[in-house]
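Chemist: This is what each chain is made of:
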Amino acid sequence: MKNEVKIHEVDPSLNSRRSFLKLSGLTLVTTGLVLAGCSDNDNDNNMEDTSLPGVRNGIFDLGSGDFGVLTYAYALEQLEADFYTKVVNSTNFNTVFNDTERQVLTDLYHHEVVHRDFFKAALTGALPDPGSQLLPTLSFTYGSLNFNSRNEVLATAKALEDTGVAAYNGAGRLIKTADYLLLAGKIVSVEARHASAIRSLINPNSKDFAGDDIVNMSTGLDDAKDPSKILPIAANFITTKFTAKYLP
Amino acid sequence: MNILKFIESFTDDNLLNSTGSRRDSFSQFGNIGKNLALASIPFGLSALTNKAFAKDITATPATPIGALQFALTLEYLENEFYSMALDSGVIPALENGGRDLKVFQQIADHESDHVKFLIAGLGGTASPNFVPKPTFDFTVGGTFDPFHDYPTFLALAQAFEDTGVRAYKGQAANLITAPDLLTAALQIHSVEARHASEVRRLRGLKGWISNAERGAGMPAATQAVYDGEGVTVQAGFNTAAAFGSAAGSEAYDEPLTTQQVVDIANIFIV
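Taken in order, these protein sequences are the chains called A and B. Numbered per full-length UniProt numbering, the first sequence finishes at 248, counting up by one with no gaps. Numbered per full-length UniProt numbering, the second sequence finishes at 270, counting up by one with no gaps.
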């Protein structure tokens, strides 16, 4: 139910040349994230390539180029940080999870909060006009997720970490500045360490830490996905509307 | 109309290509390797003969091809290490529900895949960009006994995986002009990180690196793998402010330069 995708008409005056799809879980029908599909073969790419993050037609757009990618990463890190903050502060955290699990989840909470706050600081320092161009603090919903359910929390953590890895792997090629690429690289391997840890907690004594469901069995390559494939997944949790019209 | 646009957005050729199956990216990667192979790469390791490899390897050039050659040499090292370990029987088959053997069989499969993938990316074994496998001595002249002593094997596995993560990261800038190669390298990079995390847990450590600590039971000779990992300032942001330096440094893996990795690898190359 939570993953149900609904496609809604959105005011065509926003951009008649584009398709908009609105993804929403049942719990966020009225607040779902608006995502904009973007064809690669649009003719006005030159203008789009220089798009900075900011509000366009009443909705914050992530923009394009390095700032667009960093803002995209900031959105994903906000989600991860929010999730683990709720996990470690849930009422029965100390009884639902054993010592090892609490250690891992607490570390992940620390790491993701540090990542989120880093992106906020870095973008604030680098954007020409952070007052209008910094992605706002997003709001989140987890639908019917029971934070006192070990299985549900770990399954969600696994999805978020694997998604994070695929997101950074897919976005690396969009980054033009070597310093920014390196920063993304410093973070993505930690996300992969996380994904491995959560997978081991879910299915210990197995090869799931780098399982055949996520690492290609003939090439040995991890997943990589474009923002347009990642954001619909994140949209299950993010209730603040924003668009990504200029990211592939 | 919007529905039609929506469908179009998922059937657009470019979109399909850019997010194609990994099988597709494999073939794309192979073609790119061939294309790049057609271009003259004057400084490739291919200039080195087997005789030159009889001793140390040297740093690869800061080019996309150099980065792939460098990566291939590291994958040769990992692949041979795990292959020899599996053949030796040093990895316990029954303890922990067979966990250790399952883990290293999976890691070995991935490293073998990476070797094949990178060779294909370089244009195959006949390509002028191809680099042959060096000769490895994982005992380092008898100092280590990884194929009879399991703790030593585990320690070296951790060192190799953590090195691999840092090594790929250090090559990212060399691949920034070759987006498909960069993506593939990132896809290997994160697999090495999944491996590293699991091997560290098998050794009783956290899956991430705290400060510049090599961790309990790691030989002092492996400290070069961890030097420089304790960074707590990222682009001017203090990552230690919120939860301390261990958490702040764990949240970011640091790169190694080509030369730093070459120096580590050469310990095991004869």
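Hints are supplied without guarantee of correctness; some may be wrong.
Unchecked claim - Label pairs and their in silico Cβ distance ranges: (1) B:P219 / A:N146: 26 to 34 Å; (2) A:D129 / B:S245: 41 to 49 Å; (3) B:E213 / A:T124: 25 to 33 Å; (4) B:A216 / A:G131: 22 to 30 Å; (5) A:G125 / B:A220: 34 to 42 Å; (6) A:G143 / B:P179: 33 to 41 Å; (7) A:G143 / B:D137: 53 to 61 Å; (8) B:A216 / A:K86: 53 to 61 Å; (9) A:N146 / B:S245: 33 to 41 Å.
As the list claims (entries may be wrong) - Partial list, computed: chain A residues near chain B (C-beta under 8 Å): (10) H111; (11) V113; (12) V114; (13) D117; (14) P136; (15) F140; (16) G143; (17) E152; (18) A155; (19) A195; (20) A197; (21) S200; (22) L221.
None of these hints come from the bench; they were simulated from the model. Here the structure is a predicted model, which means the values were calculated and not measured. Virtual Cβ for every residue (Gly too), placed ideally from N, Cα, C.
Chemist: Indicate, hint by hint, whether the structure satisfies it.
Modeler: Hint check results:
The hint said 26 to 34 Å for the Cβ distance between P219 (chain B) and N146 (chain A), and at roughly 45 Å that hint is violated. Checked against the given bound of 41 to 49 Å, the beta carbons of D129 (chain A) and S245 (chain B), roughly 33 Å apart, lie outside it. The hint said 25 to 33 Å for the Cβ distance between E213 (chain B) and T124 (chain A), and at roughly 32 Å that hint holds. For A216 (chain B) and G131 (chain A), the Cβ-Cβ distance of about 48 Å falls outside the hinted range of 22 to 30 Å, so the restraint is violated.
A C-beta distance of roughly 39 Å is found between G125 (chain A) and A220 (chain B), which places it inside the suggested range of 34 to 42 Å. The hinted window of 33 to 41 Å between G143 (chain A) and P179 (chain B) holds, with their beta carbons roughly 36 Å apart. Evaluation of the 53 to 61 Å hint for G143 (chain A) and D137 (chain B) yields a pass: the beta carbon distance comes to about 56 Å. The beta-carbon spacing between A216 (chain B) and K86 (chain A), approximately 33 Å, falls outside the hinted interval of 53 to 61 Å.
The hint said 33 to 41 Å for the Cβ distance between N146 (chain A) and S245 (chain B), and at roughly 35 Å that hint holds. The closest approach between the C-beta of H111 (chain A) and any C-beta of chain B is roughly 4 Å, which is under the 8 Å cut-off, so the hint is satisfied. Given hint, V113 (chain A) at the interface with chain B, holds; its Cβ is 6 Å from that chain's nearest Cβ, closer than 8 Å. Checking V114 (chain A) against chain B by beta carbon gives a least distance of about 4 Å; that is within 8 Å, so the hint holds.
Taken as an interface hint, D117 (chain A) checks out: its beta carbon lies about 7 Å from the nearest beta carbon of chain B, inside 8 Å. Here the hint on P136 (chain A) is broken, as its CB sits about 19 Å from the closest CB of chain B, past 8 Å. Interface restraint check: F140 (chain A) against chain B, minimum CB-CB distance 20 Å, threshold 8 Å, status violated. Hint status for G143 (chain A): violated, given a least beta-carbon distance of 24 Å to chain B, over 8 Å.
A cut of 8 Å between beta carbons decides the hint on E152 (chain A): the least distance to chain B is about 22 Å, and the hint is violated. The beta carbon of A155 (chain A) is not positioned within 8 Å of any beta carbon in chain B (closest approach about 18 Å), and the interface hint is therefore violated. Residue-level restraint check for A195 (chain A) holds (minimum Cβ-Cβ distance to chain B is 6 Å; threshold 8 Å). For A197 (chain A), the shortest C-beta to C-beta distance to chain B is roughly 5 Å, which falls under 8 Å, so the interface hint holds.
A least Cβ separation of about 6 Å between S200 (chain A) and chain B falls short of the 8 Å threshold, and the interface hint therefore holds. With a cut of 8 Å, the hint placing L221 (chain A) at the interface with chain B holds, because the nearest CB-to-CB distance is about 4 Å.
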